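Protein chains in written order, with the UniProt record's numbering: chain A, 1 to 484; chain B, 1 to 484; chain C, 1 to 484; chain D, 1 to 484.
Since the hints were derived computationally from the structure, they do not count as laboratory data. Take these hints with a grain of salt, some might be off.
Since the list gives no way to pick one copy over another, a pair counts as held whenever it fits inside one copy or between any two copies.
[Stated by the list, open to error] Here are the simulated lysine-lysine pairs, DSBU-like style, with alpha carbons at most 35 angstroms apart:
| no. | residue 1 | residue 2 |
| --- | --- | --- |
| 1 | 193 | 252 |
| 2 | 399 | 141 |
| 3 | 473 | 6 |
| 4 | 6 | 404 |
| 5 | 292 | 275 |
| 6 | 399 | 193 |
| 7 | 292 | 135 |
| 8 | 135 | 18 |
| 9 | 399 | 135 |
| 10 | 451 | 292 |
| 11 | 18 | 331 |
| 12 | 6 | 292 |
Remember, predicted model here, so these are calculated numbers, not experimental data.
4 protein chains.
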Amino acid sequence: MATVIKNGTVVTADLTYKADVKIEGGVIVEIGPNLSGTETLDATGCYIMPGGIDPHVHLEMPFMGTYSADDFESGTRAGLAGGTTMVVDFCLPGPDQSLLDALQMWDNKTSRANADYSFHMAITGWNERVFDEMKTIVQDKGINTFKHFMAYKGALMVNDDEMFASFQRCAELGALPMVHAENGDVVASMTAKLLAEGNNGPEGHAYSRPPEVEGEATNRAIMLADMAGVPLYVVHTSCEQAHEAIRRARQKGMRVYGEPLIQHLTLDESEYFNKDWDHAARRVMSPPFRNKQHQDSLWAGLQSGSLSVVATDHCAFTSEQKRFGVGNFAKIPNGTGGLEDRMPMLWTYGVATGRLTMNEFVAVTSTNIAKILNIYPKKGAVLVGADADLVVWDPKRSKTISAKTQQSSIDYNVFEGKQVTGLPRYTLTRGHVAIEETTVRTQEGHGQFVKREPFTAVNKALSTWKELVAPRKVERTGIPATGV
Amino acid sequence: MATVIKNGTVVTADLTYKADVKIEGGVIVEIGPNLSGTETLDATGCYIMPGGIDPHVHLEMPFMGTYSADDFESGTRAGLAGGTTMVVDFCLPGPDQSLLDALQMWDNKTSRANADYSFHMAITGWNERVFDEMKTIVQDKGINTFKHFMAYKGALMVNDDEMFASFQRCAELGALPMVHAENGDVVASMTAKLLAEGNNGPEGHAYSRPPEVEGEATNRAIMLADMAGVPLYVVHTSCEQAHEAIRRARQKGMRVYGEPLIQHLTLDESEYFNKDWDHAARRVMSPPFRNKQHQDSLWAGLQSGSLSVVATDHCAFTSEQKRFGVGNFAKIPNGTGGLEDRMPMLWTYGVATGRLTMNEFVAVTSTNIAKILNIYPKKGAVLVGADADLVVWDPKRSKTISAKTQQSSIDYNVFEGKQVTGLPRYTLTRGHVAIEETTVRTQEGHGQFVKREPFTAVNKALSTWKELVAPRKVERTGIPATGV
Amino acid sequence: MATVIKNGTVVTADLTYKADVKIEGGVIVEIGPNLSGTETLDATGCYIMPGGIDPHVHLEMPFMGTYSADDFESGTRAGLAGGTTMVVDFCLPGPDQSLLDALQMWDNKTSRANADYSFHMAITGWNERVFDEMKTIVQDKGINTFKHFMAYKGALMVNDDEMFASFQRCAELGALPMVHAENGDVVASMTAKLLAEGNNGPEGHAYSRPPEVEGEATNRAIMLADMAGVPLYVVHTSCEQAHEAIRRARQKGMRVYGEPLIQHLTLDESEYFNKDWDHAARRVMSPPFRNKQHQDSLWAGLQSGSLSVVATDHCAFTSEQKRFGVGNFAKIPNGTGGLEDRMPMLWTYGVATGRLTMNEFVAVTSTNIAKILNIYPKKGAVLVGADADLVVWDPKRSKTISAKTQQSSIDYNVFEGKQVTGLPRYTLTRGHVAIEETTVRTQEGHGQFVKREPFTAVNKALSTWKELVAPRKVERTGIPATGV
Amino acid sequence: MATVIKNGTVVTADLTYKADVKIEGGVIVEIGPNLSGTETLDATGCYIMPGGIDPHVHLEMPFMGTYSADDFESGTRAGLAGGTTMVVDFCLPGPDQSLLDALQMWDNKTSRANADYSFHMAITGWNERVFDEMKTIVQDKGINTFKHFMAYKGALMVNDDEMFASFQRCAELGALPMVHAENGDVVASMTAKLLAEGNNGPEGHAYSRPPEVEGEATNRAIMLADMAGVPLYVVHTSCEQAHEAIRRARQKGMRVYGEPLIQHLTLDESEYFNKDWDHAARRVMSPPFRNKQHQDSLWAGLQSGSLSVVATDHCAFTSEQKRFGVGNFAKIPNGTGGLEDRMPMLWTYGVATGRLTMNEFVAVTSTNIAKILNIYPKKGAVLVGADADLVVWDPKRSKTISAKTQQSSIDYNVFEGKQVTGLPRYTLTRGHVAIEETTVRTQEGHGQFVKREPFTAVNKALSTWKELVAPRKVERTGIPATGV
Ligand SMILES: [Zn+2]
Ligand SMILES: [Zn+2]
Ligand SMILES: [Zn+2]
Ligand SMILES: [Zn+2]
Ligand SMILES: [Zn+2]
Ligand SMILES: [Zn+2]
Ligand SMILES: [Zn+2]
Ligand SMILES: [Zn+2]
């Protein structure tokens, strides 16, 4: 049984051309004119693009005795509804927990996933077991990325020593370190100061972590990665300061990737000054929304290639959960939704405005991260042999974003009221048509774990270069030169 | 009759995989395992890559009553010997010459071309005929790029007014303006000053056009393109100052491409201080070679994507021709060779050192420029349907570059003595095996003109954006507000 | 007869201390405790500072058959009322006019000046007479600065060739070139385009010359000055782009000064969108007002020293004169007032906010430009022997700026309605108390021309350095090395 | 009894003029023509300048059971011999030592000082006693600067938390935090790695702390200071990376000062590759010498004002002491001399080359730091009432630097063999002529402690600004807006 997508225009990160796409067994088997199959999807007026990959989500994430509201079922369903066919979640080991145990716990959550997924492993402490388990994680578990939190002091945060050790280990294993870049010491101290001064509303969250605090941590992580001789991926780059650090590194030839979120591209700090506490608290995430100048910086980064990937950091908490933080912004669970809206929002604010070409849209929503994660062209491509994770994109379809009609489990949407034009007609996950416009046909458990190999071409090239310029000992015959 | 390249690894700008490649009628007809055909090329241990595209050559260029020594025959032969399967030359209309007449003259030179070619059209003056002919050039002649010389005062140079008019015309036509960016007024003035001071040796050429002079012109061209609402391509970016201007523009989201030459990446200004006049004069080109810091900047640009394409500005003059300038560096014909050596030099100094991945090598030697020139994937790709312009690259083959063994007509080589590892085993031009290691089997007249359509995705996106942010008139009811 | 300022605190560019100041014969004769004289001025609660120097004014400037409304009488009176004790005007030779003739014409306007003044000489064309007269201007006429207009095409504008020649001449003469930095070709072309599109209101003026256009010209002038080996002074630096070019130059050790205007520091582009044509037209000046980000950039430049001087470009036209441009913004006379308001506005928005220290206030309103113009410590200082150009500054005095109460001849004020705190209690011009709070006691004709010597320490140092790094000829014995 | 310096030219940070200078009771009592006194010093052909202030020395510094070889006697003698009339040393409390106790210990070393001195207090840990004692140090002990070591892990190093607490305390007290900026974690880790690899020679010291490591720490300290609302002084800025961080901060209006050392301005990393272990080890200091590009950056910083002060970090260890580190570079005591050579070296390489004017020379060797430390114009000035710490500088006097003729106690000189032109004819410390060319007439115990008041104008201005832009709480009436 074969599915054929007919009459559309294939749009990839580097090509735009008319062709039909034939799918069998969950993979693309043919691309060309006049194909036929048992099932036909009409793509007239549409673009056939690689399904989106969201490399930054937190589904069913444990938090203060509860969990983030979207799990792998509702999360992947929301993603598919918006054209995203794969997510990468973060496995977060507890204090002294084995990485392998944690991975097992995380894996247990995925049984109802509607789309494919993978994991980044977080390094939340450092000891010999972690050092050893990293090898197993990479070589046996198919995970080639390690996340480091430079904030969340007393919880997930690691210090420079730990990060540097882990980055060096990543270099050996051919893995890619990632960082949440905010100076956790300063955030903690500022938080205490603001609370002490009675500045306890949601806007205090933003005050506690201004752009300079993110810029500093980004800059620091880059230096550590450079000294360790490993590429670096900076998650949720939200501001010019962090972007500047990334640009400055890249301009020296360093291999650093930045990931702006769709939220930071389109929403700004004024949200926190809303008189409605709930409105403001629902937007509390780290880093917080910034002003328009920072938005301009992020868009320009996507245009010029200094930023590589648009993600969401989808971590949805209900209004009720958010209200844990009434009277103390530090207790507001950090996170917003976005999985369902990332692609329509980016298309509307990026492609329709002329900031991005369609090909760049594909690159930053799918292909670039597939390459970075070393799963290209299985994912992120429209090529024979690739997984049929596809979105048939209707550039004319329109809607107004609303919590009322969303797939996510939560009771609000930070993009509420935004008019988007450009939506999926169909979303396919390994050939299965999970979405047909507003009709949801997801299959619980259809989603599979995607293994990822280490040692990308970039890792290897960087190691070669670092070996070439490594310190060389000066040979001397005695002290002084003539001998002591 | 089909040719199959077997046992190799296909390497493109974004993929590396084992596959055979089958060619019929000059195009790729199949890519996959276990292919067979009438002719088999063994690619064991080799990479099958898109043939190189050199977008910056001057073959049989008229100069002071003579011509640059390599014509379309020897030039394309040299290119093929080094893995380059397409060149783009510059059509240079004389004073008041019709663009169409000039194009005819340039076309006449190509009858013996061994590989495919195209033209950039130079705008060397401005009037209504030029304005009108630009449309014909784009719409009928298949040329979507216009070159502007900001130097060569009294000859090819255009002023800001002319450039701005031409850039605006390019925006309308969906074409891409290019610039040779040096401040021609300053170069002319400095040249006169140096000669007056007796500084007449080849090193005076370098003194007359230091990096700041190139940086200024680059910066100016970028502003003009931005105001005109059109992308810009800066040829032969040789220094940090020009690169900085490009980076600064890109960081604002401007669409600017920079093209370093293999010479500037690997040779430095010390060549001009050679005590041998001939040695120094043979390296005279514009911009001149720079110091090591500038080289580092250019390499980093290729790594980070702020520079897009590696070219040669191949414009070979014999030692005898160079000696026109004895006693007056301003009369030394500007130009060096490079067509044959670009790819082996870039591989050796770029890929083997770990500065670039193989995929990045393909991108900067072929794929990027194919996209910029809007001939992708006909050129620059290993895809079914693409022209079989391919190089089977043997990463182990080695040689020492020498004028004695080169294809170029001239009597020296600026890379003389450089050891390169990484050379073509085969080079194919539209399926014809023109090169098999050291054996040359080029066919005179095999090369064809490659037409290029205007309105790339980037042009269109930029126009959309510029329209969106265009000045809006303030509606007023009188003067003053209450009416005069 | 001696005047003593008692009970105040002397504030200079680098000192703050309690002292009385005694004045005789127009100069400071003693500074110290317990001084006495025939006249006493009480400075209790006040700061005794060097009088302001406004290095950028156009008094009685010829324009389209009329003149800018403030002449040397009303202009210097306005300056004194605001604490400014010296102005520097621009002598603008007509087409082919002798510099010396023009200077004579400008000198004729000054007979009623109430405060001291000097001139910058404009270079509005280039020929041998200009070359020769520059020497006379510097050596006999006491003028060490030459202004170059990169805009006003067809009128004052000079091209790169002319500027470069003039800059080199300045280097020889030890003079300082100045530039009005906007790309005149682009401004002219944009102006025509906007008018053709019906965009003829005052906002069109701003649209015709966006920041990139100023940044480009600034960058170009800097390169020309660097190649000529002479320092550069950029007048009315209004935007980040121009400031960035200045910073970038300075960061390479180049000697470049930037001069923001008080208007650009405190007013923004929204003024041009006012529905009242008069309101908008009264703000038409070049460069136009910019947005808040540009303001932030300018303030930071004053804080860090990358910008050196705050001026006004005072060139006041009445509303009636402004209305020449109804229906065609290009005919609106360019210029606004500011002489009277510069110091109170800068104090209020700079010192009272903590952006600047009091010492920095003195530096950027007086001392820095006195040094640049080589008239320090005669002007710009509170030192024995210095001219008694002083302002007794009352940091508590407040007023609301209004055209109704101003000294300037025009019928409006661009700062109308701004509340300022910090105003002169007394302003003294060479010892004469011209202002006592709101009482004006200026003396027509009291003002004298201030001669300025060339070859500042900075000019000399730069010349030394440029000689040290000048191109050196490579000595060769033959061609080739072995002889031809 | 009065001393008069006759026939010289006074050169200060902003003035150059002919005058005699009369001294009585250790202070300047008169400046003017034709002065007379009981003692006359002939300054014919010389410049009378403020004596140098070296704000960064370590005299008799405890180290591994021994002490740095120059104490307050030989150190101040060396300084005077080179025109430096004041030094500022660092008081380094031991683990858990009281700041006050440590200060007492340091004070005890000064009894034989030949010139005036002051102390910076180091914060080497954090607790409530430190918090409290900082107030005493500032308010009672006359010390307004606190040093923080971001390197020397396990010894002097403080972490971000401690630094941030201390910086905030400095803000309250009106004090100035200083940092030694290198990432101590990375240095420690790299050191262990290099030693493990057998890279144990002096060059390993440089390898262990490359420019990126310094740049990172500088950047981090700047962010911490910005968040704390306090200016920052970065000691021994040695490289472009650190300088870039400083420039970037200043360009945002932050109040950050950078201090290059004369060693980093004139010596480079090639010293560490010397085949003579002693030669290399004698140059071991932190940060290490860098390459020529970094030197260029530092010089440009002095020219443009992005760097403020030239110091020495004088911390002299004998060759014997240096040899503690044979076989392990980490045990080589860090430090070089420089006190005697700073001014002649800077004059020779800075003023004589045209990089700096004479006035800038005075600024960066004396006046700037006097202002930063709030001891201007007592120190750093040639003004009536100022301390007669003066140098009569003979721009024609020449010598070749050599350990054989130096005042310092150690057996070598890192500037050995450098030819300098520009040396003191006389050096006066509070009126006492301590140096007359090569004759040393220092008086042991003549030197006095110089008290320094907190709350400079810059501190106050910054506090005002930070208060103005401080976070403001959003007032809300309930949750949600309508009440819960
Ligand atoms: Zn995060
Ligand atoms: Zn996250
Ligand atoms: Zn060229
Ligand atoms: Zn060319
Ligand atoms: Zn102007
Ligand atoms: Zn003006
Ligand atoms: Zn230190
Ligand atoms: Zn130190």
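Honestly, which of those hints from before does the structure not fit?
2, 3, 6, 7, 9, 10, 11 and 12
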